[in-house]
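Modelling step: build the complete structure from the supplied sequences, incorporating the hints.
Respectively, the protein sequence lines represent chains A and B.
Under the numbering used here, the first residue of the first sequence is numbered 1, with each subsequent residue one higher.
Under the numbering used here, the first residue of the second sequence is numbered 1, with each subsequent residue one higher.
Among the clues, some could well be false.
[What the hints assert, rightly or not] Calculated lysine to aspartate or glutamate pairs in the EDC-like style (CA-CA distance at most 20 Å, straight line):
{"no.": "1", "chain 1": "A", "residue 1": "K286", "chain 2": "B", "residue 2": "E276"}
{"no.": "2", "chain 1": "A", "residue 1": "K257", "chain 2": "B", "residue 2": "D265"}
{"no.": "3", "chain 1": "B", "residue 1": "K270", "chain 2": "A", "residue 2": "E245"}
{"no.": "4", "chain 1": "B", "residue 1": "K273", "chain 2": "A", "residue 2": "D204"}
{"no.": "5", "chain 1": "B", "residue 1": "K20", "chain 2": "A", "residue 2": "E159"}
{"no.": "6", "chain 1": "B", "residue 1": "K44", "chain 2": "A", "residue 2": "D273"}
{"no.": "7", "chain 1": "B", "residue 1": "K270", "chain 2": "A", "residue 2": "D204"}
{"no.": "8", "chain 1": "A", "residue 1": "K207", "chain 2": "B", "residue 2": "E276"}
{"no.": "9", "chain 1": "B", "residue 1": "K202", "chain 2": "A", "residue 2": "E278"}
{"no.": "10", "chain 1": "B", "residue 1": "K270", "chain 2": "A", "residue 2": "E200"}
{"no.": "11", "chain 1": "B", "residue 1": "K270", "chain 2": "A", "residue 2": "D250"}
{"no.": "12", "chain 1": "B", "residue 1": "K202", "chain 2": "A", "residue 2": "E245"}
Source of the hints: derived by calculation from the structure; they are not laboratory data.
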Amino acid sequence: MGERLLDCKNLKVSFFMTGSTVQAVRDVSFHVDRNEVVAVVGESGCGKSVTQMSIMQLIQTPPGKILSGDVTFDGIELLRGGKPIADMNQVRGNRIAMIFQEPMTSLNPVFKIGNQFVDVLRAHNKGMSKKEAWALGAKALDEVGIPDAELRMRNYPFELSGGMRQRVLIAFAVACQADLIIADEPTTALDVTVQAQVMELLMDIKKKNNSSIVIVTHNLGLVSRYADRIYVMYAGQIVESGTSEQILTDPKHPYTKGLLNAVPQIQADKKSDLVPIEGAPPSLAKLDDRCAFLPRCAMKCDSCPSKASPVLREYGTDGHMVACHLFDEEVAK
Amino acid sequence: MKNDPIIKVENLKVHFGLTKGIAKKRIGTVKAVDGVSFSVERGKTIGIVGESGCGKTTTGKAILRMVSSSGGKVYFHNQDVLAMKRKEHDKIKRKIQMIFQDPYGSLDPRQSAFSIIKEVLVADGKKRTSEEITKEVNELLVMVGLSEEMGERFPHELSGGQRQRIGIARALACHPEVIICDEPVSALDVSIQAQIINLLEKLQRELGLTYIFVAHDLAVVRHIADYVCIMYLGNIVEMMDSDEMFTKPLHPYTKALISAIPVVDYHLEKTRKRIELEGEIPSPINRPTGCPFHPRCPYAKDKCAKEAPVMDTTDPNHPVCCFYYKDLNKETSN
Ligand SMILES: Nc1ncnc2c1ncn2[C@@H]1O[C@H](COP(=O)(O)OP(=O)(O)O)[C@@H](O)[C@H]1O
Ligand SMILES: Nc1ncnc2c1ncn2[C@@H]1O[C@H](COP(=O)(O)OP(=O)(O)O)[C@@H](O)[C@H]1O
Ligand SMILES: [Mg+2]
Ligand SMILES: [Mg+2]
Numbered sequence: 001m002g003e004r005l006l007d008c009k010n011l012k013v014s015f016f017m018t019g020s021t022v023q024a025v026r027d028v029s030f031h032v033d034r035n036e037v038v039a040v041v042g043e044s045g046c047g048k049s050v051t052q053m054s055i056m057q058l059i060q061t062p063p064g065k066i067l068s069g070d071v072t073f074d075g076i077e078l079l080r081g082g083k084p085i086a087d088m089n090q091v092r093g094n095r096i097a098m099i100f101q102e103p104m105t106s107l108n109p110v111f112k113i114g115n116q117f118v119d120v121l122r123a124h125n126k127g128m129s130k131k132e133a134w135a136l137g138a139k140a141l142d143e144v145g146i147p148d149a150e151l152r153m154r155n156y157p158f159e160l161s162g163g164m165r166q167r168v169l170i171a172f173a174v175a176c177q178a179d180l181i182i183a184d185e186p187t188t189a190l191d192v193t194v195q196a197q198v199m200e201l202l203m204d205i206k207k208k209n210n211s212s213i214v215i216v217t218h219n220l221g222l223v224s225r226y227a228d229r230i231y232v233m234y235a236g237q238i239v240e241s242g243t244s245e246q247i248l249t250d251p252k253h254p255y256t257k258g259l260l261n262a263v264p265q266i267q268a269d270k271k272s273d274l275v276p277i278e279g280a281p282p283s284l285a286k287l288d289d290r291c292a293f294l295p296r297c298a299m300k301c302d303s304c305p306s307k308a309s310p311v312l313r314e315y316g317t318d319g320h321m322v323a324c325h326l327f328d329e330e331v332a333k
Numbered sequence: 001m002k003n004d005p006i007i008k009v010e011n012l013k014v015h016f017g018l019t020k021g022i023a024k025k026r027i028g029t030v031k032a033v034d035g036v037s038f039s040v041e042r043g044k045t046i047g048i049v050g051e052s053g054c055g056k057t058t059t060g061k062a063i064l065r066m067v068s069s070s071g072g073k074v075y076f077h078n079q080d081v082l083a084m085k086r087k088e089h090d091k092i093k094r095k096i097q098m099i100f101q102d103p104y105g106s107l108d109p110r111q112s113a114f115s116i117i118k119e120v121l122v123a124d125g126k127k128r129t130s131e132e133i134t135k136e137v138n139e140l141l142v143m144v145g146l147s148e149e150m151g152e153r154f155p156h157e158l159s160g161g162q163r164q165r166i167g168i169a170r171a172l173a174c175h176p177e178v179i180i181c182d183e184p185v186s187a188l189d190v191s192i193q194a195q196i197i198n199l200l201e202k203l204q205r206e207l208g209l210t211y212i213f214v215a216h217d218l219a220v221v222r223h224i225a226d227y228v229c230i231m232y233l234g235n236i237v238e239m240m241d242s243d244e245m246f247t248k249p250l251h252p253y254t255k256a257l258i259s260a261i262p263v264v265d266y267h268l269e270k271t272r273k274r275i276e277l278e279g280e281i282p283s284p285i286n287r288p289t290g291c292p293f294h295p296r297c298p299y300a301k302d303k304c305a306k307e308a309p310v311m312d313t314t315d316p317n318h319p320v321c322c323f324y325y326k327d328l329n330k331e332t333s334n
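Following this line, the structure appears as structure tokens:
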């Protein structure tokens, strides 16, 4: 076991809309150790982004509200009982960096890349001069493999390609020497070749800075290549978690199995029919207290509809967790 | 053995003029598609893959005459579509349809799904009673796996997968023989993606459709296509049976693309060899001299920068556009 870097317990987040409440995160607990790559997977709308945004306290309030949750980062209490404790400005962007699918949303379109570096760096290091910050920024751009870094510092974000913009965000994380990088679908909009470059870069940075990475993605191939551990989310809850090997080679939850079966394989003997998960995820405004996957489950038992939503419990003794009634007895043993 | 192709594309070129200022001074040419040839038999699927900007969408649009081509021929049942007069083309237009990555952008937000499909259906000019129209639209909805009630919904009230189904139903309303599918599942979750792929396969079996399937996800293409074209900067660099794409890739670009895809199989992934490509696909405005792939090719030699290779058809079913692919595959196989 590594040293615990981030610990999130019992996070609940809802959006209070006129006429309905969207329960986006329903009692989620997860952790990240130092040097670890942790993946959060699941279909869109299942609460992956809201979970990570809550850690950063970037939830739009109203309509959103963190209802509960205790979050500790490197010994600093960020949230206690859903209430903010630490000054997030000392953590956000500096010790925890965030990279989004569309980097344009986190880059300011009207400022040159270089000026944005200066702002980010000086926000966290009051004593740093503009010149020092600029130099550090150029060095970081160089480190993330952007050619002509000094020239690029004078570019506006729209003058760069999608892959380059993603590198710029990674460069922010590099310049700040962030301990934790939360990458939310960082490569979804990119071509596979560029995706591979961006991911390799993230892994290099991680190694060099001894940092940890949370990667939010629906690409299970990426997870297989890069993640140490996986959390599978469905309808605002974690339904299975474990090491990548456990989840990918021995999935337990019918949802995890469904996700894996739906992916087309490249191996020669795998040109069989794809097995989709029928239907669609439920609306998070209309959940009852039963298993949220029930309507789509291919393995449900006669007794499932009459049972309360299953809780996440350890399967066996090796840290593999699953929330499914199929394993009620095995888990109890 | 070979049947007559339903679609045959010969040396297709689409060059866009790059103009500047209000005087529209021509400052350059974007060779978006620069000599593409392929053919597809009735009832089969041809896949076109490659990184964004390599000319996949433009190829599809040129076949439909949605963009004007600068050269080449597109045969549909042995008739040259590009040479047809407007009126002639109007007659066959409905036979070749296109579905898009983001059906949202191509569905009128103010119309219900029902009227979106109806509008296309009645445009064929056939006489129908309104009961017949309702019946036909409802049949189309059911055919793509939606309920009749879904017809009442507006695009924003539908999920991504449902919108793609409406896009497919709208294409089917023309009774097409060929559908050009432009990244139809790229924006969908894997679970939903599988539903749409299965639907397209079912429709192909039932209606004898021919697909030109454009995508950047090689595993998806491998799954749905019979034959595959790998495109790079407006050219096809390799063509092969889709079963050979992962087992016998010959062109260095194809190999690099394949090695870049992470696979879900955990143990396989841990043992795969990787070829990393430097840089990104260049803009077709600054098309490199010689082989367009040479600046990123890990195996490029002097000749590659000077001369452009032509298709090597030693294996007519598996042509490759590379000077050194034979040496390369000798090296890597032992
Ligand atoms: N600002 C917001 N206002 C209202 N609902 C929101 C907001 N942000 C997210 N949600 C809802 O929260 C749920 C979870 O969203 P999200 O975490 O973005 O999903 P994921 O990242 O897994 O695709 C969704 O139902 C989404 O519509
Ligand atoms: N109408 C246009 N005018 C100028 N350039 C265009 C136009 N349409 C596409 N292009 C350019 O042609 C190239 C190929 O584009 P496209 O066919 O959309 O690629 P793909 O679908 O493979 O991503 C790109 O460089 C693109 O910028
Ligand atoms: Mg998200
Ligand atoms: Mg395209």
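Verification of the supplied hints:
no. : hint             : verdict
1   : A/K286 to B/E276 : violated, 46 Å
2   : A/K257 to B/D265 : holds, 13 Å
3   : B/K270 to A/E245 : holds, 11 Å
4   : B/K273 to A/D204 : holds, 18 Å
5   : B/K20 to A/E159  : holds, 18 Å
6   : B/K44 to A/D273  : holds, 17 Å
7   : B/K270 to A/D204 : holds, 17 Å
8   : A/K207 to B/E276 : holds, 19 Å
9   : B/K202 to A/E278 : holds, 16 Å
10  : B/K270 to A/E200 : holds, 15 Å
11  : B/K270 to A/D250 : holds, 16 Å
12  : B/K202 to A/E245 : violated, 34 Å
Checked against the numbered hints above, the structure breaks hints 1 and 12 and satisfies the rest.
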